[in-house]
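Chain by chain, the residues:
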Amino acid sequence: MAQTRAIVITGNGTNCEMEAAHACRLGGFDEAVIAHIAEILSGEIRLDDFHFLNLTGGFLDGDDLGSAKAQANRLKHATVAGTGEKLVEQFTRFIADGKLILGVCNGFQLMVKMGMLPGFDGNYLSQTVTLTHNDCGRFQDRWTYLKVDSASPCIFTRGIEKGIYLPMRHGEGKFMCDTDETLQRIEREHLGVFRYSDPDYAAAAMEFPANPNGSQNAIAGICDPSGRLMGLMPHPEAFVHYTQHPRWTREQLPEEGDGLILYRNAAEYVKKNLI
Amino acid sequence: MPNRIEIALKDGVRDARGERIKREIEHFLHLAVDEVRTIDVYTVDAALTPNELEQAAAGPFSDPVIQTWSIDRPLAHGFDYAVEVGFRPGVTDNVGRTAREAVEYLTGRKFAAGEGVYYAVQYLFKAQLQSADVDKIATGLLCNTLIQRYSVLSASDFMARRGFSATVPKVSDSVGTAGRSPVQEIDLNVSDEELMRISKEGVLALTLDEMQIIQAHYRDPEVVAARSKIGLGAKPTDVELECLAQTWSEHCKHKIFAGTVQYEDEKGNKQEIKSLFKSFIQRTTKDVREKLGEKDFCLSVFKDNAGVIKFNEKHSLVFKVETHNSPSALDPYGGALTGIVGVNRDPFGTGQGSKLIFNTDVFCFADPFYEKPLPSRLLHPRRIFEGVVEGVEHGGNKSGIPTVNGSLVFDDRFAGKPLVFCGTAGLMPAEVNGQPGQDKFIKPGDLIVMTGGRIGKDGIHGATFSSEELNENSPVTAVQIGDPITQKRMFDFLIRARDKGLYRFITDNGAGGLSSSIGEMAGECGGCRMDLAKAPLKYPGLTPWEILISEAQERMSLAVPPEKVDEFLAMAGRFGVEATVLGEFTDSGVFHMLYGERTVAWLPMDFMHEGLPPMQLPAKWTPPQHDEPVLEEKNDYTADLKELLSSLNICSKESVVRRYDHEVQGGSVVKPFTGVANDGPSDAAVVRPILESFEGVVTAHGICPRYSDIDTYHMTANAVDEAMRNYVAVGGSLDLVAGLDNFCWCDPVLSEKTPDGDYKMAQLVRSNQALYDICMEYNLPLISGKDSMKNDFYDGSTKISIPPTLLFSVIGKIEDARKSVTMDVKRPGDIVYILGKTGNELGASEYLTLKGFTGNTVPHVDAAKAYRRYQAYHQAVLQGVVASCHDLSDGGLAVAAAESAFAGGYGLQIDLSRMLWKGDAAARNDLALLFSESASRHLVTVRPDQREAFESAMSGNCFTSIGTVTEEKELVITGLSGAVVVKADLAGLKEAWQQTLREL
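So the sequences go chain by chain: R and V. Here the first sequence is numbered in the working numbering, starting from 206 and rising by one per residue. Here the second sequence is numbered in the working numbering, starting from 203 and rising by one per residue.
Chain R on its own, in the form it takes in the complex:
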């Protein structure tokens, strides 16, 4: 029987590869490979051999030119050894093949800065939104309530009733659009999948610390119109078991953490559509 295969790209400052691969396996992928970018650029590992691409958290190139900027530039210009192909072509082919991409934190920043999100009109390489310095001016590690947009086309969030609770850990997570039109279109097409909210997942939150960075319309994560590409600032891979919850010693919690459903949905989608 064909295997469902997830890949997690690491290298140049990516940090969350281990727990992202773990979340993929727990979520139902037969295989989750951690691939160093050097192994992709050398041609040893090809994106084409996978169904689900994880761009995870970290500090690509130390955030030196602004988060993920240097990696976006690298992916656009670097060539895969022995093929003459630019690495970015493997990405666009991956998208065209109907496969799934999840960007978390630094991975979300990378997707946005490459132009993969929101990916209007099939254009995955021109930037229209950004993630920039938190209004508080500092890196923050704190847990956030994320209200889901249940009308979203996103395949990762299917079945989430109200919202999920996840940690955010970033200094550059303030979501901003280039124009009002971009923001309106994101809202109109229900691409703003997750919003920072109050603990009841009732109302979007604009105030610190519930909204930890000052994002426009409290947006914490978006997807493309196909729903197969998604990025979010908080970390779903960091809450796949109850012991990761900050209050597990005092609350009755299910065995599984809130973040796991994203990986389950991805595995489910791959089994149904890509195998």
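Since the hints were derived computationally from the structure, they do not count as laboratory data. Every residue, glycine too, gets a C-beta built ideally from N, C-alpha and C. Don't take every hint at face value.
As the list claims (entries may be wrong) - Quick list of the computed label-pair ranges, beta carbon to beta carbon:
id: 1; chain 1: R; residue 1: D253; chain 2: V; residue 2: K338; range: 58 to 64 Å
id: 2; chain 1: V; residue 1: G775; chain 2: R; residue 2: D302; range: 40 to 46 Å
id: 3; chain 1: R; residue 1: A356; chain 2: V; residue 2: D1018; range: 40 to 46 Å
id: 4; chain 1: R; residue 1: S331; chain 2: V; residue 2: D274; range: 23 to 29 Å
id: 5; chain 1: R; residue 1: V238; chain 2: V; residue 2: E765; range: 26 to 32 Å
id: 6; chain 1: V; residue 1: A772; chain 2: R; residue 2: I480; range: 45 to 51 Å
id: 7; chain 1: V; residue 1: G775; chain 2: R; residue 2: D253; range: 21 to 27 Å
id: 8; chain 1: V; residue 1: D274; chain 2: R; residue 2: G289; range: 48 to 54 Å
id: 9; chain 1: R; residue 1: G289; chain 2: V; residue 2: G775; range: 52 to 58 Å
id: 10; chain 1: R; residue 1: G248; chain 2: V; residue 2: K338; range: 27 to 33 Å
id: 11; chain 1: V; residue 1: L1080; chain 2: R; residue 2: Q457; range: 18 to 24 Å
id: 12; chain 1: V; residue 1: G703; chain 2: R; residue 2: A356; range: 50 to 56 Å
id: 13; chain 1: R; residue 1: E412; chain 2: V; residue 2: D337; range: 34 to 40 Å
With the hints as your guide, set chain V onto chain R.
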């Protein structure tokens, strides 16, 4: 002609960086500023076409959604003053390095030698300021002139000159151009005064005795004859002298811990101690291991960069804690950043290498709100606080290692030198390629390979400089800035090379640089031969001795078998990591350095490593007598409690801790903050390093420098006990726990500069005695540690010495992390217990400090009883009958009760009359019961239906129930008379605890 690319935020986009600067100017410098905006400046000194420059500016350098860019045209507008801050030549410029790589990807061409990109930030102030105020902002806040340069322009000057001109901070080549030889010989056939001048002016930090030993070595006819055979003269080269100075520095050689101490106690009993390290620290581990017998879990102690213990059948734990005090005093950001990425290399370079699983950090500062005058060379404590916190934030977060545990300790004597402790733990396979993971060796013929960053002048004399007190002339080059990303790339590569068996030995390049790493490695096989001219340099112009001792960061040294070297180098290339073969290991008995064809150093290994006789150190213990305070008994201690909760050592450190990623790698089980609102202070950290397993690693620490004012014996005993009671509180097992000792002392060597050196040395002896005594009781082997012995400031008139400080860290295991216990009370009706007895032990407590006293009754640890109680408590944890547990330390019962209550969101009703007392019954009063800091105590809550199980687990130990958890959100404590002595709502208590450092 260099080009300036400027990147500015579009008008209307919020400038968070500028807003932060504005707040800091108002807060610290008390200057009013209307607005601060910032511009990034990239000075490109490379042959690029105009089109390529535009592509760089519009592409990787800027964000089209929020930013605009320009080339050679200033973007600044609407300001009164502009300040531009960039690095001085040769200082690590991480952003510049990334920018250069980005341009190389863009153009498909590598930069030519000498080309580069340099980063600077332009700050634009809208404000009514005098130009002197702007200078104050620049030097007091924006720029550390040791490593950065700045220029200021008023708006009119800015217009007239059309902005700032392009500045290229390139290191100029100072050698060779003068035509002089890169190697000098030094004549040591000179007077003693001259010998000391050579040592002092060269920042060699060698004493007269040591200079004379070197002098004698070079007069030895056998040495002279051997040298002449290889074409060297009788005089030492600068390479040799510098190398010996590094190898023999206090920092590398630990001369004080290895010295011979003549100790006299308060009764006049005399004792000769040959090496404190061997007599106490090493002996502790040896004796504990013997006691543990078959249950011994130590795998590698003291001999490697970090200690190694068993975790399970397949994995071992590695742990090291380091200090980086002197560099952090000069450049807090760079010093602390280098501290954390530096200690990362220790566990990474232990055995055959380990994966890094968590960081810990403990900082000791003076009051950040300090308002008295300071000696001119010292930075304000607030600036040190800001810089250190940010340096460790960047180092830890960018490396992807969670910072799980730490402390901030305040005492104004730390203005003389801040203490910056950074720890890192690693997970190592029990076996790597069929060999124990902790073992490594070198064969003669193996190649010397250096990986990672290039060598520059940064960090030259770091080891010798930190072996002296801080003074007016402390060298600028001793400061380095770490580069976590270069290191991360190197680690990504090396961990894979390890698994492929591509090297035989690995160690880190820290203090002393190659002279230290290759010197120690050569000791493994009996010699080496290395060509310093092969070392990759950041810029030309370094002399051979500078190459040898540079402490440029992010480098590891390896021994690679010749048959593996091609594969090793090819793989390094694929991973974008620089790796260079510098020579080979030999069994010649000689540390042999070449520069091209020419021999520049030829040092017999036995002279290098064994040539130094032990230091002779007098020590005399005279117990200090402080005024015994007479404290008035009160009817209500609520105000005192709130004041304590707000004090610097007790208050919430959440504003700092939230800036550290404590959850990356996904194994976080007990986080730094816990409780109903995620803001109660945890006692210790629990992490699962293997996500498929529920085995947990527990880490905690203890530190209490205040007690040193009374007796360092008890300071030490309490520090060890504090670490253990924190560890035990969350559920750490007593069957697998090891300790690390980090001593930070003020200079204890009796001399003209240090007339009380014999007292400080006696303090060190007593501390070591306690370490042995208490670790034996706790079956606690010491696996690693470090000492930093010169934590003084002296500028000729003012001397500031830190209080003797021991940071004691522990690492151990919890078999099932799902059994971990946190400190927040869980539900109304639960029974409150206190484990352990309380005594009249207010000496040097937070309470007495608050009242302006020291006192004399320092807490004494009864380790035998405490150990039995900790074991019993652990059984209760394993049975799952403990709802919450919090250790009692600074501020005693009152503070612990307040913290547990507001963390859990429920009140407590406590009756002091039920508490167990030790010692003089007449001294038993409400004040002592509330605030005494008696050791080895825990505050525990238990569900009523588990009362029997808990009490039966604890039976035979000192413990008692003292109250209950209540629905009312109030802390109510009744005193011995039955009257209420503390009554406060939880919100008020929490606010008192949180307000002090909230804005920092």
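I want to verify a distance hint. Is the separation of the beta carbons of D253(R) and K338(V) within 58 to 64 Å? Holds, at about 59 Å.
Can you let me know if the beta-carbon spacing of G703(V) and A356(R) is within 50 to 56 Å? About 55 Å separates the Cβ atoms of G703(V) and A356(R), which means 50 to 56 Å holds.
How does the Cβ-Cβ distance of A356(R) and D1018(V) compare with 40 to 46 Å: does it lie in that range? About 43 Å separates the Cβ atoms of A356(R) and D1018(V), which means 40 to 46 Å holds.
Is the distance from the Cβ of G289(R) to the Cβ of G775(V) consistent with 52 to 58 Å? Taking Cβ atoms as reference, G289(R) and G775(V) lie about 20 Å apart, which means the hint is violated.
Is 45 to 51 Å right for how far apart the beta carbons of A772(V) and I480(R) are? Given a distance of about 37 Å, which is not inside 45 to 51 Å, the answer is violated.
Looking only at beta-carbon atoms, does the pair E412(R), D337(V) fall within the given range of 34 to 40 Å? Given a distance of about 38 Å, which is inside 34 to 40 Å, the answer is holds.
Do the beta carbons of S331(R) and D274(V) sit within 23 to 29 Å of each other? 27 Å, holds
Within 21 to 27 Å or not, the Cβ separation of G775(V) and D253(R)? 25 Å, holds
Lying within 27 to 33 Å: is that true of the beta-carbon distance G248(R) to K338(V)? 56 Å, violated
Does the hinted range 40 to 46 Å hold for G775(V) and D302(R) at CB? Violated, at about 32 Å.
Given a hint of 18 to 24 Å, does the C-beta separation of L1080(V) and Q457(R) actually sit inside it? 21 Å, holds
Using the C-beta atoms of V238(R) and E765(V), is the stated range 26 to 32 Å upheld? This hint holds: roughly 30 Å between Cβ atoms.
Of the hints listed earlier, those the structure fails to meet are numbers 2, 6, 8, 9 and 10, in rising order.
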